[in-house]
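Protein chains in written order, with the numbering used here: chain A, 681 to 795; chain B, 80 to 195.
If you are wondering where the hints come from, they were derived from the structure by calculation, not from laboratory data. These numbers were taken from a predicted model, which means no experiment stands behind them.
Label pairs and their computed distance ranges (CB to CB):
hint	chain 1	residue 1	chain 2	residue 2	range
1	B	G95	A	S698	46 to 56 angstroms
2	A	K758	B	S99	37 to 47 angstroms
3	A	A700	B	G133	40 to 50 angstroms
4	B	D137	A	S707	22 to 32 angstroms
5	A	A710	B	S161	25 to 35 angstroms
6	A	F776	B	N132	18 to 28 angstroms
7	A	P741	B	I97	40 to 50 angstroms
8	B	D137	A	Q697	40 to 50 angstroms
Note that CB positions come from ideal geometry on N, CA and C, so glycine has one too.
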Amino acid sequence: EAGVAQSPRYKIIEKRQSVAFWCNPISGHATLYWYQQILGQGPKLLIQFQNNGVVDDSQLPKDRFSAERLKGVDSTLKIQPAKLEDSAVYLCASSFGGGLQETQYFGPGTRLLVL
Amino acid sequence: QKEVEQNSGPLSVPEGAIASLNCTYSDRVSQSFFWYRQYSGKSPELIMSIYSNGDKEDGRFTAQLNKASQYVSLLIRDSQPSDSATYLCAVIPANAGGTSYGKLTFGQGTILTVHP
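With the rest of the complex left out, here is chain A:
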């Protein structure tokens, strides 16, 4: 079974530029999550999709971050404009249904460095 795929794996941009990340979840998984992990911290949930609907985006900085999941499969996360503090690893995860006891499977992440 193929895992969660993410691209690109690394990205270096200058502040105020824009950047986009892509995620393809495990086939059949209805729930998709985007996490931000700053060095030395645990992952923080940015947004959660159930199929193509947003379930939770309470911690998404909506003035600069946006995300979509068209057709309930792939997802993109965009930052525009980027700030220095956005330097982090962006992790995509998926689970079958998003329930209380379901395992979330993480992709390899995209490392973003904002200069």
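Since the structure of chain A is already known, use the hints to place chain B on it.
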């Protein structure tokens, strides 16, 4: 108070010893608890989940949950150098409506080093 707090590290144990990792959480109605392992430069990987009070064992790993004390721990027996990683405690809290959609809240992680 942080929602999920882990004992500060780093934690260093000799090979063959028991490593003990601790975690407390603030949301009393939390129902699901997880331990993830994260190797340097890699993504988190689930190693244990626990949902009811008591102990749950899986190979060399034992998770312990005490909901009254809002405490969850992970014991690693016969620690190996390959266990050296960051261990993340994660909790699914209940939202205001009493249900949850699988939103994981992570602690800051504890770095474990097992030396030969």
